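Based on the hints, put chain B with the ligand in the right spot on chain A.
Sequence order for the protein chains is A and B. The first sequence begins at 1 in our numbering and counts up by one. The second sequence begins at 1 in our numbering and counts up by one.
In case anyone wonders, no lab produced these hints; they're calculated from the structure. Only true hints are included.
What follows is a list of derived Cβ distance ranges for each label pair: (1) A:Arg-54 - B:Leu-48: 50 to 60 Å; (2) A:Met-390 - B:Tyr-27: 32 to 42 Å; (3) B:Glu-41 - A:Gly-275: 50 to 60 Å.
Note that the structure is predicted; figures quoted are calculated from it, not measured. The C-beta atom is built at its ideal place from N, Cα and C for all residues, glycine as well.
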Amino acid sequence: MDIHQIRSQFPQLGEKVYGRQLVYLDNAATSLRPVQVVEKWDEMSLRHNSNLHRAVHKTAVDATEEYESTRAAVAAFIGAAEPAEIIFTSGTTQSCNLLASCLENGGFFREGDEILICGSEHHSNIVPWQMVAGRKGLKIKVLPVDDRGEIRISELPALLSGRTRLCAVAQVSNVLGIINPIPEIARICHANGTLLFVDGAQGIPHLATDVRQLGCDFYAFSGHKMYAAPGTGILYGRRELLEAFPPYMGGGEMIESVSWEKTTYAPIPRRFEAGTQNISGVPTLRPAMEMCKLLESREISAGSDKIRTFLLDFFASRPDITLYGNPADPARKLPIFSITVEGAHHEDLALILDKMGIATRSGQMCAEPLMDRFGVTGMLRASFAPYNTMEEAVYFTECLQKAIDMLK
Amino acid sequence: MSSLAETKAAVVEEFSMFDEWLDKYEYLIELGKSLEVFPVELKTDDRLIKGCQSRVWLDTRVQDGILRFRADSDAIITKGIISLLIRVYDGRSAAEIAADNFDFVEKIGLRENLSPTRANGLNSMIETIRKEAERNV
Ligand SMILES: Cc1ncc(COP(=O)(O)O)c(C=O)c1O
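Same shape as in the complex, but just chain B:
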């Protein structure tokens, strides 16, 4: 498994290939479509992330200090963003995630392009992942 820094750099690199935001959306949509299927029985209210216009469910499991994330959303671009977050943070230690600054989100321009509307609740998703990590350190 590549390091957290390497994975973040790879994601930033992939995103920099697209100049146009519409193309980045296209890419996020593809990622969203290929996200691993989320079991329906996990779509419970306690897994819902608050502050999103679309519904986002995040399931966290802990195995020997390692966090495993699964997530879903009814909106596909949001799903694409989740899939990026999962790719970067899934399978890492709680300590490593809690210490991270989530800076790749700024670097690919997700925050300024999506967050002003708070539509997809990007901040809520990040906060939830960070809190889960802090809780399990």
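Looking at chain A on its own, in the form it has when it is part of the complex:
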């Protein structure tokens, strides 16, 4: 399928704002949704709506089948050993909190233990760990990034100690767009007996991902950033680790049997899925994953590569623009471009671009420690999806230039 056929499946790309064609460059915040995803949601809501696992009637059986086959499809999509290693959550944030809570309540941390967190993490992969650290008396250490935004991997071994129980790092930062060297980090962490959690929220929409090749112990992502329904998310964990976890929330479905004397819990993954699940949303992950695969085609990725080269060249040619996330090897850069412009505030730029029809993001982007690292109060971010075109990239640079001219 060529790019125009792909685009026709994302109706929002045809929308107008203020009478101008919408150019959607806020994909790192949330992606647009293709018709197949919306149709699946409709189908689940209008024809197969029923609660899962509980009833014997046909519709319930069908809904359960949809839900569980999605779990199997997700497992295959990310290379998990088996569907039971896939826990459905409401998104990456809940996945991080579930993991933090289960590690804490499972007695994984002792006072004085350490958690190593990468310096470019999203707040969702910082705050849950700070909360646990506060309750358990743990120490948080930071794995720094260099001026290019690349992880200082050479410092990793020295940052790990005998007390470092967990390392938390994103596959790709939502600000920097650099593909982090996860397999190498995994090797170093594991040699030290440290578990590795990878936040895949930004990686999964762009990169064919195999959790066993990455070598991580846990992996999380959000459905809404990869074309599926909002309120869907995944936490992957290796079976032997998940089996040692206590439940996350108590309630229906997560139990084996309940009595006043003793309640026992369901096996993984249902132990972690208390209450009625997102029965309409979860099945949309299947068409969404199919879309991801479609977008991995040689033709589409060649287009994305051209856009990346064009924008990297454009930013490099501009002494007044600083690009954050500029890896030595451009092949490690995803089309997520966060910049500051000398003499022009990110908020002003975003407001003017908006009136030109371009949706971008400005501010701290849920990564305040990273803003501090680079000594800025915020940035302007244009994040592309594989369905964005070179014409849109060119229009973006022209409008950015106009906005800068207006502000100077």
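Using the frame of chain A, we list chain B with the ligand on its own:
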């Protein structure tokens, strides 16, 4: 000094000259650039208005029941909006400001064009000015 109602009407009139929002921005940017210089030593945390994506400082002085405002922001469109607010409310009595309904903000379409994003914290700026006035009535 013209009355509060007259000044508000003048601002609404000026804004109605522009059809395109980009032109209104251009105008706000000009206003922002010409805003009176704000002393650096006044850029303190207690003068920061919360709820804005850009940093906005507002300094209020009271002289015989009259409020004097000075403000600054690191974002220029926000500065332009501040300059409008200052033009309308600076040098008026606390009672007059507290009794005002700030309706010119709707009339020039600032709220619907800027506020949905809450980016520039327009509501926070207005609330701060209103509170300062109420405190000094
Ligand atoms: C790297 C990263 N981690 C975590 C999150 C949080 O995802 P969600 O809001 O879907 O829970 C985001 C999304 O903004 C992200 O970009």
